[in-house]
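Colleague: Could you build the full structure based on these sequences and the hints that come with them?
Number of protein chains: 2
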Amino acid sequence: MDLNTRPTVLLFDVNETLLDVGAVKRQVGDLLQEPGAGTLWFTTMLHYSLVLTVSGQYAGFPEIGAAALRMLARNADLGLSQQDALAVMAGMRTAAAHPEVIPALERLQRAGFRMASLTNSTQAGAEAQLAHAGLDRFFERQLSVQGTGKFKPHRDVYLWAADEMGVQPSECMLVAAHGWDVAGAAWAGMRTAFVAREGQQKFPLAPEPALDVPDLAALATRLTATQAPSPQARPGTAP
Amino acid sequence: MDLNTRPTVLLFDVNETLLDVGAVKRQVGDLLQEPGAGTLWFTTMLHYSLVLTVSGQYAGFPEIGAAALRMLARNADLGLSQQDALAVMAGMRTAAAHPEVIPALERLQRAGFRMASLTNSTQAGAEAQLAHAGLDRFFERQLSVQGTGKFKPHRDVYLWAADEMGVQPSECMLVAAHGWDVAGAAWAGMRTAFVAREGQQKFPLAPEPALDVPDLAALATRLTATQAPSPQARPGTAP
Chain U
1 MDLNTRPTVL
11 LFDVNETLLD
21 VGAVKRQVGD
31 LLQEPGAGTL
41 WFTTMLHYSL
51 VLTVSGQYAG
61 FPEIGAAALR
71 MLARNADLGL
81 SQQDALAVMA
91 GMRTAAAHPE
101 VIPALERLQR
111 AGFRMASLTN
121 STQAGAEAQL
131 AHAGLDRFFE
141 RQLSVQGTGK
151 FKPHRDVYLW
161 AADEMGVQPS
171 ECMLVAAHGW
181 DVAGAAWAGM
191 RTAFVAREGQ
201 QKFPLAPEPA
211 LDVPDLAALA
221 TRLTATQAPS
231 PQARPGTAP
Chain L
1 MDLNTRPTVL
11 LFDVNETLLD
21 VGAVKRQVGD
31 LLQEPGAGTL
41 WFTTMLHYSL
51 VLTVSGQYAG
61 FPEIGAAALR
71 MLARNADLGL
81 SQQDALAVMA
91 GMRTAAAHPE
101 VIPALERLQR
111 AGFRMASLTN
121 STQAGAEAQL
131 AHAGLDRFFE
141 RQLSVQGTGK
151 FKPHRDVYLW
161 AADEMGVQPS
171 ECMLVAAHGW
181 DVAGAAWAGM
191 RTAFVAREGQ
201 QKFPLAPEPA
211 LDVPDLAALA
221 TRLTATQAPS
231 PQARPGTAP
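Line order of the protein sequences matches chains U and L.
Just so we're aligned, residue 1 is where the first sequence starts under the numbering used here, counting upward by one.
Just so we're aligned, residue 1 is where the second sequence starts under the numbering used here, counting upward by one.
If you are wondering where the hints come from, they were derived from the structure by calculation, not from laboratory data.
Ideal Cβ positions, reconstructed from N, Cα and C, are used throughout, including at glycine.
Check the hints yourself; a few may be wrong.
Anything over 10 Å on all C-beta distances counts as not near chain U; from chain L, calculated [claimed, not checked]: (1) Glu34; (2) Gly36; (3) Leu46; (4) Glu63; (5) Ala95; (6) Ile102; (7) Ala111; (8) Thr122; (9) His132; (10) Thr224; (11) Ala225.
Taking beta-carbon pairs under 7 Å as the criterion, some of the chain U residues facing chain L (in silico) [as the list claims (entries may be wrong)]: (12) Gly36; (13) Leu40; (14) Val51; (15) Val54; (16) Gly56; (17) Ala59; (18) Ala67; (19) Met71; (20) Arg93; (21) Pro153; (22) Trp180; (23) Gly184.
Modeller: Here is the structure:
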């Protein structure tokens, strides 16, 4: 995909892309006495967020995550109250940023990119997460799917986010460590960057992202090398 | 939920509800050298079926299952071609019926229920599956989500299925071993029966199903004990 003109707005997924939620996944694995359970739980939570969306329903991500955790606990013959399950979900709020994230966001901010977060977390949850991790100062807007009543990667979420930023979807780049997120954003008309965090893969049936990078440092390097979208920078025009 | 009047049409989910796909899940576990991988793969396939749906896209269930399998294989540093992944998916076509299914469907058929299958499998795939398992003779219609271009539990799938059967959603009962399927059907206005196969749980945030049974034998017993919806059978009228 063309990167000769740079995106006006960068939209960042939060969980796993900016924040390391590995501690919560490990906690789920310990609780269910099954090392792979954290990944199964996260995927189940994502599946059920869309089960609600395609049914015209909405519940907050913590309630869905807690419900998914209780289902897996029952499969393991463990009783788990909704309160205990929500306490596990609360661990998401204190996740730390991946180590390269702050310097990378500083470089992108200095290079003049408009930046916003766009997450499946609730508005309050996302604000708590980003403040705790020291990332809130980078974002012009902190957008949550809660504003749409649907979860990513529903097409409407991306169109809404672009509208909230006052730009066209094609002027945005969605940055995410999830195959499903970059797939949905591409299908909604955005450019995309896939951040290949450990255990994450692109979805083979989706369009290739414009950028496929190992981390946000590489993203910043690639993006700051692109031309700004000013008239002077357009190919074929004199400086 | 009221079971004094019986549903006119029973809609049966196929994979895991009627057919035992455990062999395919075990094959995936062996391939990825991780016993729990079969369950993670199946959940990932379901998640991505909805990723396509909420993006206005469609691909057949075998292609989505193969893509999900390749993503998990890459996470395990295993190369897997699309052809090899599709060969694993083909194992779904030769799944056997759970042992109690045929006698239970015979009882329901004798009791006069109209019955149809409703599956996320493709039309051709589902027909092959049901013929191989000896179940096709029970179903007035073999319905596939392919007819809608969306996957269960999208609301439109259930409304379409009811329409195809010439009845209102409220006259249908969706029978499934998946929490997400009975949740979606209930939100679309159908009565539901949850079949508690091993490793399956109801979704805690969804309405309670009308029936919660261990297998189809119990379903047949419960349903054949309910009144037929004929005028003569209505409570309070003389025979």
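Colleague: All hints are to be evaluated individually against the structure, with a verdict given for each.
Modeller: Comparing the hints with the structure gives:
no., hint, result
1, Glu34, "7 Å, violated"
2, Gly36, "5 Å, violated"
3, Leu46, "5 Å, violated"
4, Glu63, "6 Å, violated"
5, Ala95, "21 Å, holds"
6, Ile102, "27 Å, holds"
7, Ala111, "30 Å, holds"
8, Thr122, "15 Å, holds"
9, His132, "27 Å, holds"
10, Thr224, "29 Å, holds"
11, Ala225, "28 Å, holds"
12, Gly36, "5 Å, holds"
13, Leu40, "5 Å, holds"
14, Val51, "4 Å, holds"
15, Val54, "4 Å, holds"
16, Gly56, "6 Å, holds"
17, Ala59, "5 Å, holds"
18, Ala67, "4 Å, holds"
19, Met71, "4 Å, holds"
20, Arg93, "21 Å, violated"
21, Pro153, "6 Å, holds"
22, Trp180, "4 Å, holds"
23, Gly184, "5 Å, holds"
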